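Novice: Spelled out, the chains give:
Number of protein chains: 2
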Amino acid sequence: MTESWATFGADLHLELTAGRGLRAGLAEALREAARSGRLAPGTRLPSSRSLAADLGIARNTVAEAYAELVAEGWLTARQGSGTRVAQRARPRRAAQPAPLRRPARPGYAYSLLPGTPDLGGFPRAAWLSAARRALAAAPNEAFGYGSDPRGRVELREALAGYLARARGVYADPERIVLCAGFVHGLMLLARVLRARRVREVAVEGYGLDVHRDLLAGAGLRTRAMGVDGAGAVTTGLPAEAGAVLLTPAHQFPTGAALTPARRTAVVDWARTTGGLVLEDDYDGEFRYDRQQIGALQGLDPDRVVYLGTASKSLAPGLRMGWMVVPAPALDEVLAMKGRVDWTSSALDQLTLAEFIRSGAYDRHVRSMRMRYRRRRDELVAAVSGRVGVSGIAAGLHAVLDLPPGTEREALRSAAWQGLAVQPLSFFRHPDAAVAARDALVVGYGTPPNSAWSATLAALVASLP
Amino acid sequence: MTESWATFGADLHLELTAGRGLRAGLAEALREAARSGRLAPGTRLPSSRSLAADLGIARNTVAEAYAELVAEGWLTARQGSGTRVAQRARPRRAAQPAPLRRPARPGYAYSLLPGTPDLGGFPRAAWLSAARRALAAAPNEAFGYGSDPRGRVELREALAGYLARARGVYADPERIVLCAGFVHGLMLLARVLRARRVREVAVEGYGLDVHRDLLAGAGLRTRAMGVDGAGAVTTGLPAEAGAVLLTPAHQFPTGAALTPARRTAVVDWARTTGGLVLEDDYDGEFRYDRQQIGALQGLDPDRVVYLGTASKSLAPGLRMGWMVVPAPALDEVLAMKGRVDWTSSALDQLTLAEFIRSGAYDRHVRSMRMRYRRRRDELVAAVSGRVGVSGIAAGLHAVLDLPPGTEREALRSAAWQGLAVQPLSFFRHPDAAVAARDALVVGYGTPPNSAWSATLAALVASLP
Chain A
21 MTESWATFGA DLHLELTAGR GLRAGLAEAL REAARSGRLA PGTRLPSSRS
71 LAADLGIARN TVAEAYAELV AEGWLTARQG SGTRVAQRAR PRRAAQPAPL
121 RRPARPGYAY SLLPGTPDLG GFPRAAWLSA ARRALAAAPN EAFGYGSDPR
171 GRVELREALA GYLARARGVY ADPERIVLCA GFVHGLMLLA RVLRARRVRE
221 VAVEGYGLDV HRDLLAGAGL RTRAMGVDGA GAVTTGLPAE AGAVLLTPAH
271 QFPTGAALTP ARRTAVVDWA RTTGGLVLED DYDGEFRYDR QQIGALQGLD
321 PDRVVYLGTA SKSLAPGLRM GWMVVPAPAL DEVLAMKGRV DWTSSALDQL
371 TLAEFIRSGA YDRHVRSMRM RYRRRRDELV AAVSGRVGVS GIAAGLHAVL
421 DLPPGTEREA LRSAAWQGLA VQPLSFFRHP DAAVAARDAL VVGYGTPPNS
471 AWSATLAALV ASLP
Chain B
21 MTESWATFGA DLHLELTAGR GLRAGLAEAL REAARSGRLA PGTRLPSSRS
71 LAADLGIARN TVAEAYAELV AEGWLTARQG SGTRVAQRAR PRRAAQPAPL
121 RRPARPGYAY SLLPGTPDLG GFPRAAWLSA ARRALAAAPN EAFGYGSDPR
171 GRVELREALA GYLARARGVY ADPERIVLCA GFVHGLMLLA RVLRARRVRE
221 VAVEGYGLDV HRDLLAGAGL RTRAMGVDGA GAVTTGLPAE AGAVLLTPAH
271 QFPTGAALTP ARRTAVVDWA RTTGGLVLED DYDGEFRYDR QQIGALQGLD
321 PDRVVYLGTA SKSLAPGLRM GWMVVPAPAL DEVLAMKGRV DWTSSALDQL
371 TLAEFIRSGA YDRHVRSMRM RYRRRRDELV AAVSGRVGVS GIAAGLHAVL
421 DLPPGTEREA LRSAAWQGLA VQPLSFFRHP DAAVAARDAL VVGYGTPPNS
471 AWSATLAALV ASLP
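Respectively, the protein sequence lines represent chains A and B. Position one of the first sequence corresponds to residue 21 (the working numbering), numbered consecutively onward. Position one of the second sequence corresponds to residue 21 (the working numbering), numbered consecutively onward.
No lab work stands behind these hints: they were computed from the structure. Mixed in with the good hints there might be a few duds.
Selected chain B positions facing chain A (in silico; Cβ < 7 Å) [stated by the list, open to error]:
#1 140
#2 143
#3 165
#4 337
Some chain A residues well away from chain B (every beta-carbon gap over 12 Å; in silico) [stated by the list, open to error]:
#5 106
#6 152
#7 190
#8 239
#9 260
#10 337
#11 348
#12 380
#13 386
#14 387
#15 481
Quick caveat: nothing in here was measured; it's all calculated off a predicted structure. C-beta atoms are modelled at their ideal positions from N, C-alpha and C, and glycine is treated no differently.
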């Protein structure tokens, strides 16, 4: 049995050998992790209750393994500070070649980096069950190259129903194009824009560098729009921009919802100039307080490309995304994608179709929404009175506004706590005319349940 | 229950409603298919025995449904010519919008187009079982974006063992890069070559236009090598070519194995010029008569990029391929692929890893090899004395040499039989200095078992 202990951010695998007894196996796995440095000195372990729940074993088994390692000096246990890796457990330089499993962020025990859902929440049983039904029902030709670059019709039909119902998207299966996640979709669109001789795309002043780099790599300049409490400033967009990339439902990362006036403004711009609006609806499923905010695409399906993804609602590891493409641009997008669907596994497409059709997708989103809302409420309560919190009506992250001049100190303090967290400035477009703001972007969806309390505690301890 | 009837090439779905009784459901599905034109007039149906086996129902049920439709005039049954769709069953123009499920090759009842395995042979139960074990064992982080552009280490380790054992590849998991099939791998390599300022790639005089187009699309000229009974002519390669694309184990489509002397020649060329050899090992698993022919890559792992795929051994719909990249080129390939593994589902990668590790992959390849060998033997027996057959020591296709001047007539005759088949000239590089050859490329792996006899009969009837 191999279990990942995502608690530690750093991709720690506990190899629990079935034959050895769970306690002995767990103790040895922890010993090895401390010995090798995979668990850094000072790292706080999850409570025996949480870890037992995560691993699906008895709490006593974990408590006994912890006690054994405390006795050996690998761990320390102190009232109030929990169980931690002892300072004496210095990493020993391994003589063997570099391990294949490289931790994503060595040295960080906790992560509040935004962009990833709680991977421990992936609905393994329900997914497998959908895969079983999908495999049994799949026609033989589903295992072939696929004759439609849009991808499997079963998934496009299931998505059309879901997107219309849940996101107010004007979705016709004929105009849905499946892709390997948002980035793949954006890459295709960037190439379409270049083929149209577009040279410039307007992007939000705060956003992901990965997306800006991708556009630049395709030969497109990015022009920064301002971003304020009402979302991106979509008024006064220039005609030179051939497209606008937007996160209308929940601006990433500041968290605002684009106001109706600005929605109208960007659609008007598109109608006047013939430009395209690229709507990145990355976390539209997760809205907590107010009425659902529908997709911008509904305003003008002939001007807006809607881009959705399973990366936040299910898991990035599925590499599943979808575009709803305006009819006038469909042929260009399909020509760019190629004669066949080279990119996504047909079985995964059929499984997701069955997952949606059977209602499992709705159930999963509802259950995760409750989990994230609880965390959001705990986050707000924990920092209240010390820092300002915004962007919390939706999504898996929030922005904490720090007292001016304290950001650097907060980041240093977080690093000392073993907490990976990014400042708002990390997401700033180099040319953005936005006021400097001392703030942290807190991805509270990221930690697994067992690590949530400890991660929140590390964050609170980092604040000024 | 939805069943695909791949017999008909044209992607016919039989919607068998569970509650209606199988006979009535099957009859109605066939009636509807004939009425709508999805089954063209004249199309020969599989024998009741084959179809019953395909659908997993009793033979009598099929025979009764056939009899019912003959009585109604939808089908005709004649001694010696089997059951066919009647001429009176003219397609009726549908009033509703164009159907979403478009047949890949309308009008063809049988296909011997090469490049696809028998999709009916996909090991659904064993694959699902591997998926179940893989999902249960997957660490949480497997559901994340993935921190290694090479893809999951579990699959790279399983492939390294398999490729060394089965294909003689010098395979180190550190140098294996997973990709979404061969085309994705070739696209990455083409961009790497362009970044190296390579302008020309030598390709085989017979090969796939898709591959040549892809190289051209990346800005690379292709230069045609000659192809004869000893494979591609790799002697006298010019220094200007920055790479050579080869199918050494089983030249596609002529079927020759590259001789030892020509293997040595191409490796010498690579050592002298610093060029890369791209080894397309698309069907290396399927060798029938002689000793296995190992991969060229084993001769010089620092000069040869080995490319393998699950598209022939399992199914193209999985979109799974792998490259073993020479150490000196690894960083370039990874930089081109990107910071994370954007392309392939981590769950599929883990499932394939488990599928290989558990021995299911070996079992599947063995069983399909027997199936394809039986077909090859039947093909050879059926055409013997009428045309020459070559390229049959391995793979899923053969070349039938026709008497000079008869190719066009054979193709016309095949079309009249409803048989999709391609001439050898279809695969010829426009600049290739190869002698014109009247020949058909026969993908005998393509038909599902139930259609094999009828497809072979259609082929034989098409020959001069």
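Novice: Next, verify each hint and record whether it holds.
Specialist: Hints, one by one, checked against the model:
1. Checking residue 140 (chain B) against chain A: minimum C-beta separation of about 5 Å stays under 7 Å; hint holds.
2. This hint is violated: residue 143 (chain B) has a C-beta 10 Å from the nearest C-beta of chain A, more than the 7 Å allowed.
3. Satisfaction of the interface hint for residue 165 (chain B) is found here, the shortest Cβ-Cβ separation to chain A being roughly 4 Å, below the 7 Å cut-off.
4. The closest approach between the C-beta of residue 337 (chain B) and any C-beta of chain A is roughly 4 Å, which is under the 7 Å cut-off, so the hint is satisfied.
5. The beta carbon of residue 106 (chain A) is kept farther than 12 Å from every beta carbon of chain B, the shortest such distance being approximately 25 Å.
6. Under the 12 Å C-beta cut-off, the non-interface status given to residue 152 (chain A) relative to chain B is violated; the minimum distance is some 6 Å.
7. The beta carbon of residue 190 (chain A) is kept farther than 12 Å from every beta carbon of chain B, the shortest such distance being approximately 16 Å.
8. Distance check for residue 239 (chain A) against chain B: the nearest CB is about 14 Å away, which clears 12 Å, and the non-interface claim stands.
9. At roughly 28 Å from the closest C-beta of chain B, the C-beta of residue 260 (chain A) stays outside 12 Å, upholding its exclusion from the interface.
10. Interface exclusion of residue 337 (chain A) from chain B breaks down, the closest Cβ pair being 4 Å apart, not more than 12 Å.
11. Its beta-carbon lying about 18 Å from the closest one in chain B, residue 348 (chain A) satisfies the requirement of being farther than 12 Å from that chain.
12. Against the 12 Å criterion, residue 380 (chain A) stays outside the reach of chain B, whose nearest CB is about 14 Å from its own CB.
13. For residue 386 (chain A), the condition that its CB be more than 12 Å from all CB atoms of chain B holds, with the nearest at approximately 19 Å.
14. Non-interface call for residue 387 (chain A) relative to chain B: holds, since the shortest CB-CB distance, roughly 16 Å, exceeds 12 Å.
15. Residue placement check: residue 481 (chain A) keeps its beta carbon more than 12 Å from all beta carbons of chain B (closest about 25 Å).
In summary, the numbered hints that this structure violates are 2, 6 and 10.
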